[in-house]
Structures are given as structure tokens and as C-alpha cells.
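Trainee: Read off the chains here:
2 protein chains.
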Amino acid sequence: MDAEIIAVGSELLLGQITNTNARFISNHLSELGINVYYHTVVGDNAARLEEAIKIAESRADLIIFSGGLGPTKDDLTKETIAKHLQTELVYDVDAVKSIEAFFEKQNRAMTENNRKQALVLKGCDVLVNKNGMAPGMIYDDQKRTYILLPGPPKEMEPMFQFEAKPNLATRLHEDAQIVSHVLRFYGIGEAELEVRIQDLLDQQSNPTIAPLASDGEVTLRITANAENSEKAWILINKTKKEILERVGDYLYGVDDDSLSSKVAEILITNHLTISAAESLTAGLFQSELAANPGISQSLLGGMVTYTEQVKKEQLGMPKEILEKYGVVSAECAGAMAHLVREKFHTDIGVGLTGAAGPEAHGDQPAGTVWIGIAIGKDQPATYRLQLSGLRNTNRLRAVKFAFYYLIQLLVKKGYSKDK
Amino acid sequence: MDAEIIAVGSELLLGQITNTNARFISNHLSELGINVYYHTVVGDNAARLEEAIKIAESRADLIIFSGGLGPTKDDLTKETIAKHLQTELVYDVDAVKSIEAFFEKQNRAMTENNRKQALVLKGCDVLVNKNGMAPGMIYDDQKRTYILLPGPPKEMEPMFQFEAKPNLATRLHEDAQIVSHVLRFYGIGEAELEVRIQDLLDQQSNPTIAPLASDGEVTLRITANAENSEKAWILINKTKKEILERVGDYLYGVDDDSLSSKVAEILITNHLTISAAESLTAGLFQSELAANPGISQSLLGGMVTYTEQVKKEQLGMPKEILEKYGVVSAECAGAMAHLVREKFHTDIGVGLTGAAGPEAHGDQPAGTVWIGIAIGKDQPATYRLQLSGLRNTNRLRAVKFAFYYLIQLLVKKGYSKDK
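Read top to bottom, the protein sequences are chains A and B.
Numbering (the working numbering) for the first sequence: 1 to 419.
Numbering (the working numbering) for the second sequence: 1 to 419.
Careful, some of the hints might be misleading.
Said to hold, decoys possible - Below 30 Å or equal to it, Euclidean Cα-Cα: the simulated DSS-like pairs (lysine-lysine) are: (1) A:Lys97 x A:Lys122; (2) A:Lys238 x B:Lys73; (3) B:Lys54 x A:Lys54.
Treat the hints as calculated values from the structure; they're not laboratory data.
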């Protein structure tokens, strides 16, 4: 089944809102194994919408619309589709009642244009709108399936996920199961990773391997197609094994893991506590870690030690280290990790120092970063980065590298099972 | 001039990322008065991309592509366009140099597939990529203009805004000047703001007023068209004055200001120092502030005090406050602000505490936040928020409100001139 998603709304073409609906729907369709080959956005204009429908009909057998079901004159999706398919619109009794109830609840008089929202394509399956007034529709003709959804994501998302998607799943009724598994890498560039698995990328058919890079991370999505999910997983695991033999050193997680969620998971599972002293990242390491619910049992706190004075006074940094090695040094990062760990009585201490840019720090060029990680009484491990991004990209990359190195150290110490 | 935007990338069709590029480009095109009638998304597939190009050519005379300029085999936008337009790709000498320099700086060997990024359509205007490797292009044939941009928003956005857009502007309006001015508001919802200026929105023609809401902020973009920029500014300032008479209380900045850059500007200009003690935000306030270059003379440092123990031991929070009022309270936020200011010897101290969610904190529901701001020896000002988002939305909103209240307090104390 090949699908196209058509979002209707001039506000999208004016750049006032982003088409998040297409992403949401696509993501769910890919889970069902339905191919999406095109997204289209068209304005509130009947002629152009009909053109878009004709084009979609030439290349898809499932066409999903979002937007244009509301009460105003600009809302003309179902009217245009009804005319195009030469069918009529009829009032859905339940939808009329629910719209009337909505106004009653708000103590407002219902205006006539609101009743228009209860009109649906004759013969369609009505999708109930639990978060708004306009119902959705699934309409079949001989050749194709048309799904009409409201535009506001709060209404569209639950309607698609809990009503339209199960309906599609039962229709598909195929013997094939499609399973996807995402491998997540850090510390290696997309081009470099692809070179190392080029032959696998060239050979691929089932499973397929799709690389994706963003914010310094690279992912590979392995997707297999088999008669049941067990067999699909056998295919996936074989390909995964081949990939990891080449680039397994850079794997940090799978599927919905993030660097920070992976760190949080290891810390929480193993009842480890952590603190951090941050200079160039100024709290970003701790803030990213705190994005994970449940982290408060592991992340006790830490410091932002932006100036040398604060490093000395608040953290107890020996002035000899600053004088002898400078603030952008392995010695300083290691001491920050060690000192914050002692001060906050945690199992792990992390220190981040460097020159975020745009200015160099003395003789250290912008982008030079030192990360220190102290685990227990061990001598802190230190890592040097030479980043080349803008100030805030460098700060984010530094935090991600700190997470990445921390995962590696903890796994090496046996704190996490290999996935 | 009618435009169509084609985003290329299978990750968009799989729902892995959202097409924010189309929104960004559309927004800027609407300022130039260029109509956008369609957005299209197509995967990394040459045949389907060429189909999309043909359809776009039938309905647009400006076609803007984003994505598919990278080093991998999947990246085939320019190759497909070159073939379709029967022109060739040639190496751009400057782009080759800049890619080589990128790898040299990172101390990594350049792989051959990276050189491919320097290939451009013969005869095009090259758009320099200041934040990545692949250059962009503006290519004209007899009938149409084609603009090719990289996919990652960090690369695409500045390239479009500062290189492609001025190029388009000079083509369009040789005699007319288009000037835009953005007003930035916080602490007021989009719907509320629109109600207050509804008559201005209804009347608008020149200047136009475009509202846009994101991440709790609302902006109004005023765009005027006149024979020179002086006359355009007269139109803009008249409309701006009318707007600010209604909602000026919520204005925090203009144009490229952000809440954090505005705070940084006031602090740095007035030689004020600041520290923060953060609980639910766990370093995000300090990290966002540190995003601004030059902040190290004002942001000395601070603490993340995630647990009660750390609040007591490291910050010196009296246990009576925690026992009597609890950790999510005005008293605790005020004391955090006061204590961190004293401890770090700064002019200003900020305290943030609350329940980010998803769990409530005792009898304080998720989303309850207290902000404390201590300026000099004054009694700390405290503010309560009741937020309704998810955990990390609440954390970000809390930080933004802290910036917003801080700006208001500082301006009231005469530290900043009204813009």
C-alpha cells in the first residue's frame, strides 16, 4: 500500500506553522509497513487542492488529508473531495450532538457555521474527535482509501493513532511483518561510518539499512520484512552483527535511546550517584541529564564554575593547577571531576572545561575541550576534543561526548549489559 | 513569482524528522511577497525526485530544494537536477578548499566521498555554507530559478536568510525596499495578543503584521514596502507604536533578540554579575545564559541543587525553610536566590525550584514552579508559575519566565533603555 499525505492550510504555506502532522502520520505508517512516497502541502484553495488530489491519485492508493475540516469558509477539504469523487456530504447525527454539547458546556450559543463541521462524506466510517468538534473520516471508493483528519495536532494525533491506524492495520491483512531497529552511534562521522559498511549498504535489500545523521550522532535504521516478526528479527540481528563487527565501538544505544537517557538508565539501574562541575557548558550536562524522569535519585547536584575565581573559591581548585597547566587542560578537567565528586559525595564526578568560542582561550583555540570523569577513587580519566562548530554547537557536542565517554567507562566497568 | 519548496529526504517520509525547512523558507518568502502554493516532500530516489521536479515546473517559476547535498550515495538532489536540466556538475574550487580545511582542522583524513560535496551546477551562483560543508546554489535557466540548499537547518537557515534571500530580493524589487521588524513578546498567549490587536490585523495591507507563536513566545513581524528603507521604517514605526500601546507590557525585545540574549546584553552593558541556584531546571538557566558570547564577565557561576541535602549542605539553606514551607515554595526560591548571590558574591542571584513532572512533588502538582530573583540587598522577588506542559517543556518555560521577570526587574531599576 502506497500512501501520500496532503496537509491543507494556507498558514503552512505562509510559514506560520510547521507541518508536524505529516511527520506524525508517516512515523505511524512506517510502523505498519505502508510506504509514504510523498508529502504535499496545499493552501485553502479548492482548485489547487483538487489538482493535488489528482496528482496523489496517480501515485498512491491511500491518501491522507489533514486540515480544512473546521467551521470557516476557508475550510474546504471535505467539500472539495466530495465534489471530486462525485459523492455527497451528509450530517452525522452523533457529530451534530457532540458539537451542540460542546457549546452547551461552554455556555455559548452555537453559530450555524459550526454545524457544518458535522457534515461527512456519505458512506464513510466516521472517526470520533475526542479533542475537538470536527469528526474525521475514512472513505473507500473502488480504487483507493481516503482518510480525512482535522488539522490541530491535539485533535489529529489521538484520532489517527487510536482510530485510523488500527483500522488500517486490520485492512492490510497481509502475511508480512515489517520490523525496524535503530542503531545509535556517536564519535564517528556519517561519511566515515558509511565507508566502513559500504559493502553492506550496497548489498542491502532485505533488511534495508538507512543511515541518518543529526547533531553529531549517526543512526542506522535496519528494516526487515518477513512472514512473522521472529523471522524479521533473525534478519535484523544478522545484519546488526555484521555492522557491529565494523563499527560496534561507536554504538551507544538502540531505538529510542539518547545519549542522556542511556546514561540515566545506567545510573538509575545501578544506583550510582553523579555530580558535575561545568565551565564552558555552564550547566548543560546536568540539565540534559535532568531531562530524564527519575534522575533525582542519581543526579544530586553540581556546580557551574565559569570563572577561575569560582573554581578556586567554590570548588577548591588548587591555584597551582591553574597556574601550571591553565584552565583548559587535562589536569584542570580531571581536578574538577575529582573535586566535585568529593564535595557532593557522589560515586561519579564529571568536569568540563574548554574554549567554546568564538574567542580562543589564551593559546587554546576555540573548540578545544577537556572532559574529566572520576569514578570512585580511580584516577580521573580525561579526554581532549577539538571541535570546529559554532559556540553553542561546541557546547552541545562537548556534553554529548561526555555522555558517550561516560557510557563507555561504565560499560567497561560492568555497569551495563551490552544490548 | 510563484514558488514551490521541495524537501528531499527519506527520513522525512519515514517520520524521523519534521520538515521545518519548508516553514522557515515560506516565512521568508512571504516577506518578499513571493507566493508559495505547494510544499512537496520526496525521498532519496532519483526517479521520484525527477517526477516531483516536473510537477513543480508545471506550477512554479521558483523551485527551492532542501536536502540531498551531502556526501553519501543517498544524496542525489544536484545530480538529479543536473540530469533533468541537461547541465553538468563541476567542482567549485572554494568549496573544495573549505572542505579540505574542515577535515584538517579536525585532524581527520578526508574521504573521497566528501569531495563530492563541492560539486555544483555549472554556471550557478554558489552559496557559501558557513556551518557545514556542502555549498548551496542558485541556478537560472531560461524559464525558472532553482535554489538548492543543504538539509540540516543549522546550515540551511543562515544560508537562505543571508545569501539566497537578498539575492531574490534584488531580483524582485529593483525599485522597492522591503523592510521587516520583529516584535518579541513573552507572558501573553497568541490568542490573547491577537484579540487585543484584532482591528490592526484586519486593516493591514502595508505594513503587514504576521503573528507567530512558538515555545511560549509570540512574535509579530511587521513588513513594509516602500521606495526606500527610510520610508519603509516610517510605516513600520507607526504600526509598532499602535501595537505597543495595546500590548507593550509584554514586549521583551525585537528582531534577533532572545530572552537570554536580552538578559546577557543588559548584564554585560551594565557590568552586573549574576549567579543561580537551580533545582528543577538543573543548570538550564545558566546554560542558556552562557549561550551568549561575552557572558563570562557577568555569569560567574552557580549551583545545581537537585536534592534537599545539597540545598542544605552546599547552599546553606536553613532546614527550617524546607520544613516549614517545603522545597516548592516562594520562601525556598527566595532563599536560593539570596544564598547563591551571597555565596558567589554577585549582584544578582536567581533561584529556581518546582515540580517539572511527570510526578507531583508532595501536594504541589507537576508544573508548579517558583522563581526567586535577588538584586543587591533587596528582598528577593518571587514568582509562581503553574505550567501544564510535559517535563522538559515545563523546565524550558520556567527558565524563559525567569529571564522575562529578570528583564522586567532590571528595566524597572533603570538598567536598560527602552528599545
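Trainee: For the pair supplied as a hint, Lys54 (chain B) and Lys54 (chain A), is the alpha-carbon distance within the 30 Å limit?
Mentor: 15 Å, holds
Trainee: Within 30 Å, alpha carbon to alpha carbon, are Lys97 (chain A) and Lys122 (chain A)?
Mentor: Measuring from Cα to Cα gives roughly 18 Å; hence the hint holds.
Trainee: Is the Cα-Cα distance between Lys238 (chain A) and Lys73 (chain B) 30 Å or less?
Mentor: 23 Å, holds
In summary, this structure violates none of the numbered hints.
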